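Asks: Residue-level listing of the chains:
Number of protein chains: 2
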Amino acid sequence: MDIRIDNISWFPENLPEEQIVEDRYKDIIRKNYLKAWFNSIETSLVEREEVLCSKWWDDNEIYWLHRLNWEFSDDSKLGLRFDLTVPLARYVALNNDKLVYPFKRFQIQKVYRWERAQRWRYREFYQADIDIIWNWELPLLADCEIISTIFNTLNELDFWKFTININHKDFLIGFLEKLWIWEDKLLKVISIIDKKDKLDNDKINFPKTRALLEELLWDKEIVSQIIKFILLWNKWSLAKIEKFVWSDNELRFLDWFKKLKEVYTSLLNLWVPKRYIKINPSISRWLNYYTWIVFETFIDWFESFWSVSSWWRYDNLTWNFIKNKYPWVGWSIGLSRLLSVIWATSKLNYQIKTLTDVLVLNIDEKYLKKCLEVVKKLRKAWINTEFYLEHSKISKQIKYAENKGIRYVLILWEDEINRWVIAMKDMFVREQKEIDILSVAKIIKKEMKS
Amino acid sequence: MDIRIDNISWFPENLPEEQIVEDRYKDIIRKNYLKAWFNSIETSLVEREEVLCSKWWDDNEIYWLHRLNWEFSDDSKLGLRFDLTVPLARYVALNNDKLVYPFKRFQIQKVYRWERAQRWRYREFYQADIDIIWNWELPLLADCEIISTIFNTLNELDFWKFTININHKDFLIGFLEKLWIWEDKLLKVISIIDKKDKLDNDKINFPKTRALLEELLWDKEIVSQIIKFILLWNKWSLAKIEKFVWSDNELRFLDWFKKLKEVYTSLLNLWVPKRYIKINPSISRWLNYYTWIVFETFIDWFESFWSVSSWWRYDNLTWNFIKNKYPWVGWSIGLSRLLSVIWATSKLNYQIKTLTDVLVLNIDEKYLKKCLEVVKKLRKAWINTEFYLEHSKISKQIKYAENKGIRYVLILWEDEINRWVIAMKDMFVREQKEIDILSVAKIIKKEMKS
Numbered sequence: 001m002d003i004r005i006d007n008i009s010w011f012p013e014n015l016p017e018e019q020i021v022e023d024r025y026k027d028i029i030r031k032n033y034l035k036a037w038f039n040s041i042e043t044s045l046v047e048r049e050e051v052l053c054s055k056w057w058d059d060n061e062i063y064w065l066h067r068l069n070w071e072f073s074d075d076s077k078l079g080l081r082f083d084l085t086v087p088l089a090r091y092v093a094l095n096n097d098k099l100v101y102p103f104k105r106f107q108i109q110k111v112y113r114w115e116r117a118q119r120w121r122y123r124e125f126y127q128a129d130i131d132i133i134w135n136w137e138l139p140l141l142a143d144c145e146i147i148s149t150i151f152n153t154l155n156e157l158d159f160w161k162f163t164i165n166i167n168h169k170d171f172l173i174g175f176l177e178k179l180w181i182w183e184d185k186l187l188k189v190i191s192i193i194d195k196k197d198k199l200d201n202d203k204i205n206f207p208k209t210r211a212l213l214e215e216l217l218w219d220k221e222i223v224s225q226i227i228k229f230i231l232l233w234n235k236w237s238l239a240k241i242e243k244f245v246w247s248d249n250e251l252r253f254l255d256w257f258k259k260l261k262e263v264y265t266s267l268l269n270l271w272v273p274k275r276y277i278k279i280n281p282s283i284s285r286w287l288n289y290y291t292w293i294v295f296e297t298f299i300d301w302f303e304s305f306w307s308v309s310s311w312w313r314y315d316n317l318t319w320n321f322i323k324n325k326y327p328w329v330g331w332s333i334g335l336s337r338l339l340s341v342i343w344a345t346s347k348l349n350y351q352i353k354t355l356t357d358v359l360v361l362n363i364d365e366k367y368l369k370k371c372l373e374v375v376k377k378l379r380k381a382w383i384n385t386e387f388y389l390e391h392s393k394i395s396k397q398i399k400y401a402e403n404k405g406i407r408y409v410l411i412l413w414e415d416e417i418n419r420w421v422i423a424m425k426d427m428f429v430r431e432q433k434e435i436d437i438l439s440v441a442k443i444i445k446k447e448m449k450s
Numbered sequence: 001m002d003i004r005i006d007n008i009s010w011f012p013e014n015l016p017e018e019q020i021v022e023d024r025y026k027d028i029i030r031k032n033y034l035k036a037w038f039n040s041i042e043t044s045l046v047e048r049e050e051v052l053c054s055k056w057w058d059d060n061e062i063y064w065l066h067r068l069n070w071e072f073s074d075d076s077k078l079g080l081r082f083d084l085t086v087p088l089a090r091y092v093a094l095n096n097d098k099l100v101y102p103f104k105r106f107q108i109q110k111v112y113r114w115e116r117a118q119r120w121r122y123r124e125f126y127q128a129d130i131d132i133i134w135n136w137e138l139p140l141l142a143d144c145e146i147i148s149t150i151f152n153t154l155n156e157l158d159f160w161k162f163t164i165n166i167n168h169k170d171f172l173i174g175f176l177e178k179l180w181i182w183e184d185k186l187l188k189v190i191s192i193i194d195k196k197d198k199l200d201n202d203k204i205n206f207p208k209t210r211a212l213l214e215e216l217l218w219d220k221e222i223v224s225q226i227i228k229f230i231l232l233w234n235k236w237s238l239a240k241i242e243k244f245v246w247s248d249n250e251l252r253f254l255d256w257f258k259k260l261k262e263v264y265t266s267l268l269n270l271w272v273p274k275r276y277i278k279i280n281p282s283i284s285r286w287l288n289y290y291t292w293i294v295f296e297t298f299i300d301w302f303e304s305f306w307s308v309s310s311w312w313r314y315d316n317l318t319w320n321f322i323k324n325k326y327p328w329v330g331w332s333i334g335l336s337r338l339l340s341v342i343w344a345t346s347k348l349n350y351q352i353k354t355l356t357d358v359l360v361l362n363i364d365e366k367y368l369k370k371c372l373e374v375v376k377k378l379r380k381a382w383i384n385t386e387f388y389l390e391h392s393k394i395s396k397q398i399k400y401a402e403n404k405g406i407r408y409v410l411i412l413w414e415d416e417i418n419r420w421v422i423a424m425k426d427m428f429v430r431e432q433k434e435i436d437i438l439s440v441a442k443i444i445k446k447e448m449k450s
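These protein sequence lines are chains A and B, in that order. Quick note on numbering: our numbering labels position 282 of the first sequence as 282, and the sequence is numbered without any gaps. Quick note on numbering: our numbering labels position 440 of the second sequence as 440, and the sequence is numbered without any gaps.
It is worth saying that the hints were derived from the structure and are not from the lab. Values in this document were obtained by computation on a predicted structure and should not be read as measured data. Ideal placement from N, C-alpha and C gives every residue a C-beta, glycine not left out. There may be inaccurate statements among the hints.
[Said to hold, decoys possible] Taking lysine-lysine and the DSBU-like style, the derived pairs with C-alpha atoms no more than 30 Å apart in a straight line are:
#1 B:Lys-353 - A:Lys-323
#2 B:Lys-31 - A:Lys-380
#3 A:Lys-446 - B:Lys-449
#4 B:Lys-425 - B:Lys-442
#5 A:Lys-323 - A:Lys-353
#6 B:Lys-208 - B:Lys-188
#7 A:Lys-274 - B:Lys-442
#8 B:Lys-446 - A:Lys-442
#9 A:Lys-228 - A:Lys-188
#10 B:Lys-243 - A:Lys-369
[To be verified] Quick list of the computed label-pair ranges, beta carbon to beta carbon:
#11 A:Glu-373 - B:Ser-450: 33 to 39 Å
#12 A:Lys-369 - B:Asn-324: 31 to 37 Å
#13 B:Ile-394 - A:Thr-265: 21 to 27 Å
#14 A:Leu-254 - B:Asp-27: 47 to 53 Å
#15 B:Asp-27 - A:Lys-55: 48 to 54 Å
Start from the sequences, fold in the hints, and give me the full structure.
Replies: Here it is, written out as structure tokens:
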């Protein structure tokens, strides 16, 4: 009795009611990923050390495996995957001649990181990634497919009120270079702009951002132009932005804008409503790392939404492993973290205690055969049906249905059976009626829909 | 380029086409488990050493975790789960006051065992378990629910031609005791009977089994009675068996037979067709370990089917962890091994290369908007739709659809668009026709069904 059975810290487990929600979220994600022709794959839990460490990573965060009397056979040192990207790169490198390109895959699996205790952080958590990989130049349409798929998914996950901000990575840089801001200073300015929303509550004058920029650049006029640039993009419509770009008369701006507009238009065509997308050239977080278009997703009621969802685009996925070049764009939903945020902020629209639709009561052995026939009929119609395992008091069984949150209770008594009917109790609206025993599945299905 | 990217031995990975099959199998299992009101749960990958080793297990088969500069904080030594039963026992012990009983759970997760290389054995593999746990005496109906659920599942998994053999554990023992066979000798006789089907091809005379029994018992008459007993049960109908039991006039036989008959009848009522069940008192494999009724499943075309599916019933699930008593019955399908057997023996009835239903071709930028509208419409109707990512030669895109095994190809040209139609190519029957652009989703859905 001295064995510790409490959960291991930061390895969360769900109660059955919570698991229903997690499973539902996984289903929604999977359905939406499939719809946009992403292929499902799963990779093995463990990877070789040389693969895991091929990407920059803090060794200390990786869980390594060992075994009593480990035999050093053909096996290298093995560790648990810490993301789904390194395994994807290894998988594509390994199977590169067996895959058909463009290769679009989704992967919903748990990953493992030894991280210091922090809110919203786990050591075992679900990631739900989509990626598009090509052995060819990857067109912007790939980005659009990724964004529209993520939009559809988040939207169905009750994730109202979020905005997808898009930018071309050279936009802000080009603008700043035009103001003769280069190199070190350029990076510093970008870093200040990146923090502007956290620095200032005043989203019109941005006083603190302004002060920091003035301190760095020693030029009030230039700083005003930067602030104006940020404000313009935040507030104007696409048409007005286009006019501004034209009036600016810089060819490279026109070219970048054309690409952004292409993405924007395709997103609209592919389902994403206008109010969810914003062209926002002040987005700068990933400018150093990523190529082409950059995105960010903001959510109104949770400031660090970026931490539950992230996006990437690289020139080459497999550069560590093979010579072939595979450009690649992807997005990840941090499912476990998303769920914990939703739970913590009580934003869940979906509440259900059980997936069982019907409980058939077990009253007396002599009705057993009839009861099991009804159970069989309901299950044949894919209605999730429970039969109480022992014959006991009706009140006890009804109490059980109530505790479990089962909606329909069916009772078969002699009198009813002789008249070919069943008593059906709707536990939610607390009504009881008699239904025809022969059409029981049809009637329950109809009830469930109404 | 020197990094090893090949799969780690006995950690199998699927190609996308194979993953479609595995996902489909998982869906079928899950759907059937849900239908019979089992709850989904997932437990964490890692368990404390004291939990893992609470059940008898070869330490050497467990994968343990370690970390660089491991800090011995509140964490015990951790290892990967090697089955889903130990985690279930720990989960029930931990949450015992939050669960509603009878607690029926299913769990489809991977488990990890360091095992010596063997055919059909992996070190990472999927198990799909169902279990019923009660804080009360667990009625035989629980066993029936388990068996009928496993039957429904295997049946939908294209698993034709298997037989579920049922027995009451005291039946064979009682019969042998009546012949004055006791203790050591009893166990030896049972062990010979257990191997009879492997020993003898002649399933009527069982010459080798007979010889072994005679060598042990020195009594031809008694051996003949044993063989007759085995044969009777293998060949006779339930009614004839019942008559035999009655004529035997032994009260305890009658009692056991009543229980067996109860299970048998409930199974028939719950869907399992007669030809799949056999009462078989010569089943002896688990007599020493399990209580009450015992089962075995045989499959015609694969002799060691038992290794892909196993069953158990115990008096107490959580005895290692808490004082409360939880009787418990369960069954496990070894999904990964099952799939590998099915692949190896080419028994798969289901072949599909992609879950994408439709490819919309990308011919010219000027049709982009129209194309994306069609894509959006199809996806809205949950038709898995791919849009080719770049405009390129039609022949190249058609070739791509062929390689991927996509059935419907949609082509939007100027002339067609003006007439509000789309050219639809059915790649399987190699036909092309024009379909109405406004009802595209409806038409494709109809085509897919036909």
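Asks: Give a verdict on every hint.
Replies: Hints and how they fare:
no. : hint                              : in the structure
1   : B:Lys-353 - A:Lys-323             : 28 Å, holds
2   : B:Lys-31 - A:Lys-380              : 12 Å, holds
3   : A:Lys-446 - B:Lys-449             : 24 Å, holds
4   : B:Lys-425 - B:Lys-442             : 16 Å, holds
5   : A:Lys-323 - A:Lys-353             : 52 Å, violated
6   : B:Lys-208 - B:Lys-188             : 15 Å, holds
7   : A:Lys-274 - B:Lys-442             : 27 Å, holds
8   : B:Lys-446 - A:Lys-442             : 24 Å, holds
9   : A:Lys-228 - A:Lys-188             : 18 Å, holds
10  : B:Lys-243 - A:Lys-369             : 23 Å, holds
11  : A:Glu-373 - B:Ser-450: 33 to 39 Å : 34 Å, holds
12  : A:Lys-369 - B:Asn-324: 31 to 37 Å : 34 Å, holds
13  : B:Ile-394 - A:Thr-265: 21 to 27 Å : 24 Å, holds
14  : A:Leu-254 - B:Asp-27: 47 to 53 Å  : 50 Å, holds
15  : B:Asp-27 - A:Lys-55: 48 to 54 Å   : 33 Å, violated
The earlier numbered hints that this structure contradicts are 5, 15.
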